[in-house]
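Q: As you go down the protein sequences, you meet chains H and Z in turn.
Numbering follows the UniProt record's numbering, in which position 317 of the first sequence is assigned residue number 317; successive positions increment by one, without gaps.
Numbering follows the UniProt record's numbering, in which position 195 of the second sequence is assigned residue number 195; successive positions increment by one, without gaps.
No wet-lab data here; the hints were simulated from the structure.
Glycine included, each C-beta is placed from N, C-alpha and C at the ideal position.
Where hints are given, some of them may not hold.
[Stated by the list, open to error] Covered by chain H, per the in silico footprint, the following chain Z stretches (three or more residues, Cβ under 8 angstroms):
1) 30-42
2) 140-149
3) 177-183
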Amino acid sequence: MTAVTAGTAETTGAPGVSDAAVAAEQAAYEAVFDAAVAADERIEPRDWMPEAYRASLVRQIAQHAHSEIIGMQPEANWITRAPSLRRKAILMAKVQDEAGHGLYLYSAAETLGTSRDELLDKLHSGRQKYSSIFNYPTLTWADVGAIGWLVDGAAITNQVPLCRCSYGPYARAMVRVCKEESFHQRQGYEALLALSRGTEAQHAMAQDAVDRWWWPSLMMFGPPDDESTHTAQAMAWKIKRHSNDELRQRFVDIAVPQAEALGLTLPDPDLRWNEERGHYDFGAIDWAEFWDVLKGNGPCNEERLSRRRQAHEDGAWVREAAAAHAEKHRVDKHHAEQHQHTGKHGEAQA
Amino acid sequence: MSTTPVTSGAAVITGAALALGDDALVLSHRLGEWAGSAPVLEEEVALANIALDLLGQARILLSLVGDEDELAYLREERSFRNAQLVEQPNGDFAHTIARQLYFSTYQRLLYGQLASGDGPFAGLAAKAVKEVAYHQDHAEHWALRLGDGTDESHRRMQRACDALWRYTGELFQPVEGVDVDHAAMESAWLASVTDVLGRATLTVPEGPRTGAWAAGAGRQGLHTEPFGRMIAEMQHLHRSHPGATW
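Could you build the full structure based on these sequences and the hints that come with them?
A: See below:
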């Protein structure tokens with residue numbers, strides 16, 4: 001989208017411009033925006049966009065970024081205990097990727113005029129959320145595999161359509177994120193397969209992990225369509241391309257045959273193929289648990305957030321030092337340049 | 001598993017590979033402990049990157065002389081040959097950076113020398129020296145920021161440099177099979193570290209560069225107390241399932 005760029009404040013605020021003229025101008029901008037969205041064009045940072053669109057994107061991108069950095073915790077919990085050096089390398093690389101995803105996403109939010117610091121403050125003070133899935137604990141090594149297979153699998157199902165999101169920087173960040181996530185999912189599946197085909201104890205560990213992660217993974221798609229507050233508008237803006245229930249069904253349809261290949265069962269007695277629908281039917285999700293965890297009563301809500309706050313507080317002196325050093329360096333450089341201008345090269349700092 | 005031909009100097013090579021490999025393995029583990037707790041998101045990425053490089057080096061070195069997992073997970077504390085410096089707990093970010101500065105400066109010199117020779121580690125060293133150059137650059141930049149940052153960061157960085165100083169002498173004790181000029185390396189190391197600390201407005205520590213144990217204690221399998229707890233955590237799961245594959 002290129003027709004209308006930002007910078008309207010000066011013109012709309014200029015004296016002598018009537019209210020009617022301002023309204024007409026606003027309507028013209030909206031029409032261009034709507035037409036761009038309808039034509040599947042990308043909205044770019046300098047384009048005019050409705051404030052509600054901007055706010056909705058910031059909310060979604062921030063929640064996604066926060067989920068990446070909080071999501072490092074349950075997996076980092078096993079880095080120091082990974083049972084082979086190969087698994088350790090894979091897990092470290094995965095947790096590193098999540099930090100990288102956090103960086104891209106906070107940068108995408110910055111293109112909308114919201115700084116990383118501002119968003120981190122909102123995370124730390126509980127004013128912005130992260131995915132509730134990370135409020136469940138990783139109790140055994142198999143949980144690392146189950147997270148890769150199910151949680152990353154659900155995330156990919158959610159995120160692949162975001163590569164076509166109407167907002168350019170978010171869509172482009174998601175292309176890269178999705179490539180890495182699909183590697184994560186494969187490694188999770190492969191780790192579970194090794195456990196499932198391993199000793200009796202390893203198989204039991206894998207089954208237990210899948211039993212605990214299956215339902216929370218289904219909840220990752222968010223509340224049912226008729227209870228989702230953001231879906232309709234987000235779909236109209238082409239931020240979101242499919243409803244929560246559609247994506248959840250897509251995930252179940254993919255996961256069931258994978259579970260069979262793994263030699264593991266899914267903890268849902270109602271799970272069966274429905275010939276008529278061409279989809280798997282599945283049992284009722286415990287939405288009371290979902291809302292309860294979302295409200296802060298999950299097994300790890302307190303722990304995840306306090307660990308994040310602690311890391312941020314412990315790091316404050318480091319960030320201050322970096323800022324102070326950069327400032328000194330900037331001043332030195334400035335002085336050196338001034339000396340050069342006045343012909344006193346020799347006095348410039350060593 | 002190794003397919004390297006066993007030479008008459010096999011025991012010598014084993015000892016050398018374990019010394020270098022254990023250094024990398026143990027420091028990688030310590031850096032991995034930072035995951036999720038780094039002071040800024042960019043450092044989550046950087047510390048993990050360094051940890052992964054070191055783990056890669058460790059896997060190559062250990063695989064030269066045995067099964068990497070048997071060596072990492074089934075040896076007792078007294079059989080590890082890493083220098084005591086790398087097993088020191090992370091402490092605050094300044095301690096981690098001081099440890100990185102001391103170690104990466106040493107490792108860069110070491111791999112530089114090994115890469116230019118024709119010994120069993122030349123191939124690994126040629127590749128690793130590029131990684132380690134980045135590690136040293138990272139440590140040096142942070143040493144400058146922390147040393148010449150705020151009063152608090154200066155104080156913390158000085159304390160960290162002082163505390164870890166006594167573990168640096170061990171790095172230059174000759175290791176049989178590591179065919180480098182240790183004395184030349186030590187003077188180059190001192191010159192480099194002195195230069196960085198000076199530019200960081202820090203004082204070069206004055207204390208002795210060896211601890212209460214005889215110099216080279218880690219290389220002989222004598223470690224500090226935190227190391228036992230570190231490998232207990234590292235080895236627990238693997239040891240709980242004897243014979244399992246992962």
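Q: Determine for every hint whether it applies to the structure shown.
A: Going down the list of hints, with the structure as the test:
1. 30-42: holds (count 10)
2. 140-149: With 5 residues in contact (Cβ-Cβ under 8 angstroms with chain H), the coverage given for the region 140-149 of chain Z holds.
3. 177-183: Result for this restraint: violated, n = 0.
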